[in-house]
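Enquirer: Letter by letter, the chains look like this.
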Amino acid sequence: MESANREIDLLHNLEHAGDSLSESDEEGVLNTIGDIPTEWYRDFPHIGYNLEGKRVLKPASGDQLDQFLEGVEDPSGLWKSVKMPNLPGTDLLLSEKEIDMVQRIQKADYPDSQFDPYPPTVEYYTSKKFDTPLVGADEPKRRFVPSKWEHQKVMKLVYAIRQGWIKPKKDFEIDEKPYFHKIWTDIPLEKKDNTKMLPFVPAPKLRLPGHRESYRPPPEYLPTPEEQVKWNAKFKSEKKLGEFLSTQYDSMLEIPFYSQIYQERFSRCLDLYLCPREPKLKINPKLDPRDILPQLPKPKDLQPFPTQLAFSYYGHTGCVRCVSAHPMGRIIASGGDDKTVRVWEVSTGRCLKLIQLQDSVSSIEFFPTQMYVLLLVACGEYVLLVSYSVGNKQLIDETNEILNVSSELADRRGPAWSKLSITNGLTGIEIGIGREVRQVVWHKRGDYFSSVQHDTSHKSVYIHQLSKQKSQTPFVKSKGQIQSVSFHPMDPTFFVCTQRNILIYNLVAQSLVKRLSPSVQWLSCLNIHRGGTNIIAGSQDCKVMWFDLELSRKPYKTLRHHKGAVRSVIFHPIYPLFASCGDEASIVVYHGMVYSDLDRNPLLVPLKALRGHIVTGDMGVLECVFHPTQPWLFSAGADGMVKLFT
Amino acid sequence: MSKQIHILLKSKDSKYPITPTNLSLSLSTSWTELNQTLLALLNELGAEIPSLTPEFDFLINEQLLTSSLQDFIATNTISTEQLIVIEYVDRRPPPSQPHILPHPDWVSSLTLVGNQVLTGSYDGSVRRWNMYSYSLVSEYKCHDEPITSVVTINDNLVVTGSSDESVCVWQGLLSDEPERCLFKGFHSQPITCLASNATQLCSGSWDRTVKVWSLTTLFDNSNLDTLQSQTLSPISTLEGHTDVVSDCICSRDTNKLISCSWDQNVLFWDITTKQNVRAMYSSKSLLSISENVHTGLIATGGSDNAIRIWNTDTDEATVIKMILKGHTGWVSSISWSHKSEHHLISGSYDGSTKHWDIRNNKSPLYTVGAHKKKLLCMDWRDGEVVISGGEDCQLIVSHF
Numbered sequence: 001m002e003s004a005n006r007e008i009d010l011l012h013n014l015e016h017a018g019d020s021l022s023e024s025d026e027e028g029v030l031n032t033i034g035d036i037p038t039e040w041y042r043d044f045p046h047i048g049y050n051l052e053g054k055r056v057l058k059p060a061s062g063d064q065l066d067q068f069l070e071g072v073e074d075p076s077g078l079w080k081s082v083k084m085p086n087l088p089g090t091d092l093l094l095s096e097k098e099i100d101m102v103q104r105i106q107k108a109d110y111p112d113s114q115f116d117p118y119p120p121t122v123e124y125y126t127s128k129k130f131d132t133p134l135v136g137a138d139e140p141k142r143r144f145v146p147s148k149w150e151h152q153k154v155m156k157l158v159y160a161i162r163q164g165w166i167k168p169k170k171d172f173e174i175d176e177k178p179y180f181h182k183i184w185t186d187i188p189l190e191k192k193d194n195t196k197m198l199p200f201v202p203a204p205k206l207r208l209p210g211h212r213e214s215y216r217p218p219p220e221y222l223p224t225p226e227e228q229v230k231w232n233a234k235f236k237s238e239k240k241l242g243e244f245l246s247t248q249y250d251s252m253l254e255i256p257f258y259s260q261i262y263q264e265r266f267s268r269c270l271d272l273y274l275c276p277r278e279p280k281l282k283i284n285p286k287l288d289p290r291d292i293l294p295q296l297p298k299p300k301d302l303q304p305f306p307t308q309l310a311f312s313y314y315g316h317t318g319c320v321r322c323v324s325a326h327p328m329g330r331i332i333a334s335g336g337d338d339k340t341v342r343v344w345e346v347s348t349g350r351c352l353k354l355i356q357l358q359d360s361v362s363s364i365e366f367f368p369t370q371m372y373v374l375l376l377v378a379c380g381e382y383v384l385l386v387s388y389s390v391g392n393k394q395l396i397d398e399t400n401e402i403l404n405v406s407s408e409l410a411d412r413r414g415p416a417w418s419k420l421s422i423t424n425g426l427t428g429i430e431i432g433i434g435r436e437v438r439q440v441v442w443h444k445r446g447d448y449f450s451s452v453q454h455d456t457s458h459k460s461v462y463i464h465q466l467s468k469q470k471s472q473t474p475f476v477k478s479k480g481q482i483q484s485v486s487f488h489p490m491d492p493t494f495f496v497c498t499q500r501n502i503l504i505y506n507l508v509a510q511s512l513v514k515r516l517s518p519s520v521q522w523l524s525c526l527n528i529h530r531g532g533t534n535i536i537a538g539s540q541d542c543k544v545m546w547f548d549l550e551l552s553r554k555p556y557k558t559l560r561h562h563k564g565a566v567r568s569v570i571f572h573p574i575y576p577l578f579a580s581c582g583d584e585a586s587i588v589v590y591h592g593m594v595y596s597d598l599d600r601n602p603l604l605v606p607l608k609a610l611r612g613h614i615v616t617g618d619m620g621v622l623e624c625v626f627h628p629t630q631p632w633l634f635s636a637g638a639d640g641m642v643k644l645f646t
Numbered sequence: 001m002s003k004q005i006h007i008l009l010k011s012k013d014s015k016y017p018i019t020p021t022n023l024s025l026s027l028s029t030s031w032t033e034l035n036q037t038l039l040a041l042l043n044e045l046g047a048e049i050p051s052l053t054p055e056f057d058f059l060i061n062e063q064l065l066t067s068s069l070q071d072f073i074a075t076n077t078i079s080t081e082q083l084i085v086i087e088y089v090d091r092r093p094p095p096s097q098p099h100i101l102p103h104p105d106w107v108s109s110l111t112l113v114g115n116q117v118l119t120g121s122y123d124g125s126v127r128r129w130n131m132y133s134y135s136l137v138s139e140y141k142c143h144d145e146p147i148t149s150v151v152t153i154n155d156n157l158v159v160t161g162s163s164d165e166s167v168c169v170w171q172g173l174l175s176d177e178p179e180r181c182l183f184k185g186f187h188s189q190p191i192t193c194l195a196s197n198a199t200q201l202c203s204g205s206w207d208r209t210v211k212v213w214s215l216t217t218l219f220d221n222s223n224l225d226t227l228q229s230q231t232l233s234p235i236s237t238l239e240g241h242t243d244v245v246s247d248c249i250c251s252r253d254t255n256k257l258i259s260c261s262w263d264q265n266v267l268f269w270d271i272t273t274k275q276n277v278r279a280m281y282s283s284k285s286l287l288s289i290s291e292n293v294h295t296g297l298i299a300t301g302g303s304d305n306a307i308r309i310w311n312t313d314t315d316e317a318t319v320i321k322m323i324l325k326g327h328t329g330w331v332s333s334i335s336w337s338h339k340s341e342h343h344l345i346s347g348s349y350d351g352s353t354k355h356w357d358i359r360n361n362k363s364p365l366y367t368v369g370a371h372k373k374k375l376l377c378m379d380w381r382d383g384e385v386v387i388s389g390g391e392d393c394q395l396i397v398s399h400f
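Residue numbers (our numbering), protein chains in the order written: chain A, 1 to 646; chain B, 1 to 400.
Simulated from the structure, these hints should not be mistaken for laboratory data.
Being a predicted model, the structure only gives us computed values, none of them experimental.
Among the hints, erroneous ones may be present.
Claimed, not checked - Partial list, derived from the structure: chain B residues whose beta carbon lies under 10 Å from chain A: (1) 106; (2) 108; (3) 145; (4) 146; (5) 164; (6) 165; (7) 189; (8) 246; (9) 253; (10) 284; (11) 287; (12) 305; (13) 309; (14) 372.
Glycine included, each C-beta is placed from N, C-alpha and C at the ideal position.
Construct the entire structure; sequences and hints are all you get.
Expert: Structure (structure tokens):
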């Protein structure tokens with residue numbers, strides 16, 4: 001309201017601009033030219049137009065002398081007025097308060113004289129120590145260490161930059177090539193990228209109605225009275241979707257209106273609305289499904305490997321449980337339920353030696369080097385070290401020498417080492433275990449050997465030392481039902497295969513190194529690759545698993561080529577081959593290449609299923625062994641045969 | 001009306017005249033018809049025909065005609081426009097009905113000496129058999145361990161190799177004199193094979209070496225009667241194989257030795273320099289080897305049931321000339337004919353001996369499947385007799 005009055009006054013004053021502008025200072029004479037910048041009128045004598053359209057002339061601005069004289073006349077206004085930039089010719093007289101403010105600003109002081117920059121502080125926390133402090137805790141450690149979360153955040157960003165998820169801005173590297181439309185060419189522009197658009201999803205095709213769906217079906221489609229009764233007895237939930245019973249009507253007119261049509265249509269629309277409209281990825285029918293399979297080398301290119309049955313070693317009268325090949329490759333030994341151990345010549349199949357024992361043989365192994373003619377045999381409740389006396393006379397003598405039991409060691413704890421109780425020309429040592437021995441295995445150097453018993457206590461595994469003729473149990477606690485054990489080919493590491501897990505122990509540190517847990521029901525056997533970092537294990541539920549110890553605790557590959565329980569798995573000592581045999585009397589030979597290059601995973605290719613044995617008493621092939629120098633395989637079958645595959 | 005072809009029948013044998021004119025025959029002519037045609041033609045020409053019903057084999061481009069002319073021309077892509085020269089040779093007679101001799105133990109090796117046969121057995125004995133009366137003449141237990149190889153040096157001396165790692169030179173095994181071991185040589189592993197010619201004896205072993213023993217010292221020694229199991233030292237030990245030496249032979253070049261091994265290689269050794277001169281590689285373990293005295297071709301039997309014929313004349317990589325397939329077991333022994341350059345006999349673990357003509361690499365000429373079990377050794381004198389022994393404790397003799 002006030003401003004409006006002031007404006008009217010201004011107008012009045014402007015009409016008499018020439019008379020006295022200076023008198024109207026209190027009234028605040030203002031220009032009415034509006035918001036027009038004054039410099040537009042800089043070169044003109046007027047500063048605007050009045051209501052009648054006449055020019056309003058610029059007021060005469062006095063010079064410095066005039067101002068001084070003015071000030072002499074009226075000292076109250078001296079040095080106290082300022083020129084208004086948007087109102088030329090008008091001076092604004094400043095009040096005392098305003099002058100004070102201007103002076104304060106000039107001094108870079110607070111404009112308001114009332115403002116107190118230094119109010120007394122309210123000391124919520126003081127430097128003085130309280131007698132009863134508010135917080136009693138010590139300074140936390142985090143105040144002194146770099147922030148972990150900041151570090152994590154930074155590392156996340158660094159990782160994202162390295163991965164290329166975050167790209168630093170390249171504002172100085174703009175190489176946008178100019179794009180020219182090909183306006184004179186006939187070639188159509190490239191197709192628009194339609195990937196963002198929703199694809200067309202065709203509705204599923206419905207089967208066309210047949211005679212049964214007819215309102216007047218032929219009589220053979222009509223339900224019999226029994227079917228009618230059966231249908232009526234059915235609950236609604238028992239009826240399948242779309243299932244109905246044909247009914248015959250004489251004419252279209254007689255067809256009753258479907259009582260639930262609206263309900264049905266509604267639910268159908270609802271279904272259509274809610275159905276997931278995801279296009280199904282269909283494989284191109286022209287595509288050969290074999291192309292999708294990983295590219296494996298052909299078995300033909302992975303020769304040599306055993307491909308056919310060469311011949312059999314005849315002689316055993318019962319199930320052959322075990323077979324072992326001599327490190328030289330000239331002879332093999334087998335043992336079985338007929339309580340014999342037979343030594344065979346590989347190349348001809350001649351039985352060179354027959355050793356009659358008192359109990360059935362469950363496991364057998366040749367001495368791992370050619371130093372002794374020594375066989376390690378698991379026979380009933382005994383572990384036997386038997387000289388088989390085939391070969392060099394000097395070797396036989398040396399073997400018989402180490403098989404002398406020293407009498408001073410007789411009264412020791414643990415299993416007793418004694419001379420063979422049966423003496424039909426045999427020299428050897430028997431170690432009474434007290435439980436049925438399941439497996440015997442040599443250490444690669446030949447001084448130590450291990451035996452596994454049918455026992456769930458901690459005494460289910462013994463490690464025996466030949467030179468000191470003593471046995472000891474490596475475990476204090478029971479590890480459960482131990483199936484099989486094996487020594488590492490180079491390191492002092494011991495592999496134990498229990499029912500569910502494979503445990504790897506360091507024998508020097510006497511500690512568990514690793515636990516492999518394949519998710520199978522019942523492991524049965526394991527074998528260590530000559531490098532020591534790869535293991536194969538077989539299970540009763542028909543699986544063969546390959547573990548890469550450097551990769552994972554889970555199997556690297558699980559091979560399901562057997563239809564029966566896997567009885568034995570074996571690596572070839574030279575060739576990149578391994579084999580497994582099972583209760584369905586087949587042997588599967590695989591190519592298992594382990595690369596020295598750490599970046600490449602082992603290459604496993606199934607090569608050949610060898611058949612030849614006959615399933616006898618639900619047992620097929622019980623053990624298979626590779627020839628030490630040739631790509632040949634020996635198998636021990638429940639049908640009483642040892643077979644050679646070449 | 002089948003197509004006509006023009007042929008010229010000729011023979012390298014001087015007893016048969018060359019048919020002067022070209023013949024026109026139907027393309028579908030079989031071997032029997034061709035045979036009858038030739039017989040009629042020879043009768044017409046008045047050639048002297050030795051036997052009553054002679055049979056001929058026909059060779060076209062050095063390939064044996066086994067099927068009808070039509071099939072042969074189709075498989076070998078021979079032009080029917082041109083004149084086809086057919087060479088005819090006497091057909092080999094089929095082997096006689098085999099004669100079976102019982103043997104006390106497995107026969108691991110045998111060798112033909114005149115009208116006698118020496119067999120080495122798994123019971124460590126060497127037995128002498130007469131081939132006329134089919135009877136055992138003498139028996140002597142030479143080793144405690146199985147004998148793996150028996151060879152003769154001359155009419156007097158016999159060498160045995162055994163699983164007890166020794167090579168023994170015996171006197172008296174071929175005659176009725178008392179048997180006596182003259183020399184003994186040792187390997188560090190069981191002996192697998194022996195070979196000898198007039199000047200040297202070589203033995204292969206499980207210790208992966210071939211040892212050469214000099215026979216000249218043996219013959220220089222005039223008083224053989226005083227020797228008793230004297231230890232013989234080898235003149236050279238040839239190391240190069242990486243697995244058991246399965247068989248070795250003295251080459252027709254007397255300075256050379258050829259050995260084959262389970263390590264899939266055939267190695268040639270120079271005896272004077274004791275060096276490995278040449279190596280030939282296959283892809284399967286080799287069990288037996290034989291050299292053709294006429295052409296120098298090498299035949300090996302392998303653990304893949306195949307016979308490989310190696311060409312030694314070329315230095316190329318593809319030295320395997322052909323692979324003969326037909327056996328169903330390991331080829332344990334192999335022998336070239338001494339009379340003909342094209343024929344060889346192989347014995348296999350499937351119990352059969354097969355007679356091959358290498359001009360026909362598809363199928364054997366004859367197969368004698370007499371052994372019930374593995375055939376372990378076989379010897380052949382072309383035109384006379386084939387004798388084989390094996391796991392079934394039988395010596396099988398058939399005339400050839």
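Enquirer: None of the hints should be skipped; say for each whether it holds.
Expert: Evaluated hints:
At about 6 Å, the closest approach between the beta carbon of residue 106/B and any beta carbon in chain A falls short of 10 Å, and the interface hint on this residue holds. About 8 Å separates the beta-carbon of residue 108/B from the nearest beta-carbon of chain A, less than 10 Å, and the hint is met. Taking 10 Å as the C-beta contact cut-off toward chain A, the hint placing residue 145/B at the interface holds, the least distance being around 8 Å. Hint status for residue 146/B: holds, given a least beta-carbon distance of 7 Å to chain A, under 10 Å.
For residue 164/B, the shortest C-beta to C-beta distance to chain A is roughly 8 Å, which falls under 10 Å, so the interface hint holds. For residue 165/B, the shortest C-beta to C-beta distance to chain A is roughly 6 Å, which falls under 10 Å, so the interface hint holds. Look at residue 189/B: its Cβ gets to within about 7 Å of chain A, closer than 10 Å, so that hint holds up. Evaluation of the residue 246/B hint against chain A yields a held restraint, the C-beta minimum of about 8 Å falling below 10 Å.
Of the supplied interface hints, the one on residue 253/B is violated, with its beta-carbon coming no nearer than about 29 Å to a beta-carbon of chain A, more than 10 Å. At a threshold of 10 Å, the smallest CB-CB gap from residue 284/B to chain A is about 7 Å, leaving the interface hint in force. Contact between residue 287/B and chain A, as hinted, is supported at the beta carbon level, the nearest pair being about 8 Å apart and thus within 10 Å. For residue 305/B, the suggested interface contact is upheld, since its CB lies about 8 Å from the closest CB of chain A, less than 10 Å.
At its closest, the beta carbon of residue 309/B sits 21 Å from a beta carbon of chain A; the interface hint therefore is violated under the 10 Å criterion. For the restraint placing residue 372/B at the interface with chain A, the shortest Cβ-Cβ distance is roughly 12 Å, beyond the 10 Å limit, so the hint is violated.
Taken one by one, the earlier hints fail for this structure at numbers 9, 13, 14, listed in ascending order.
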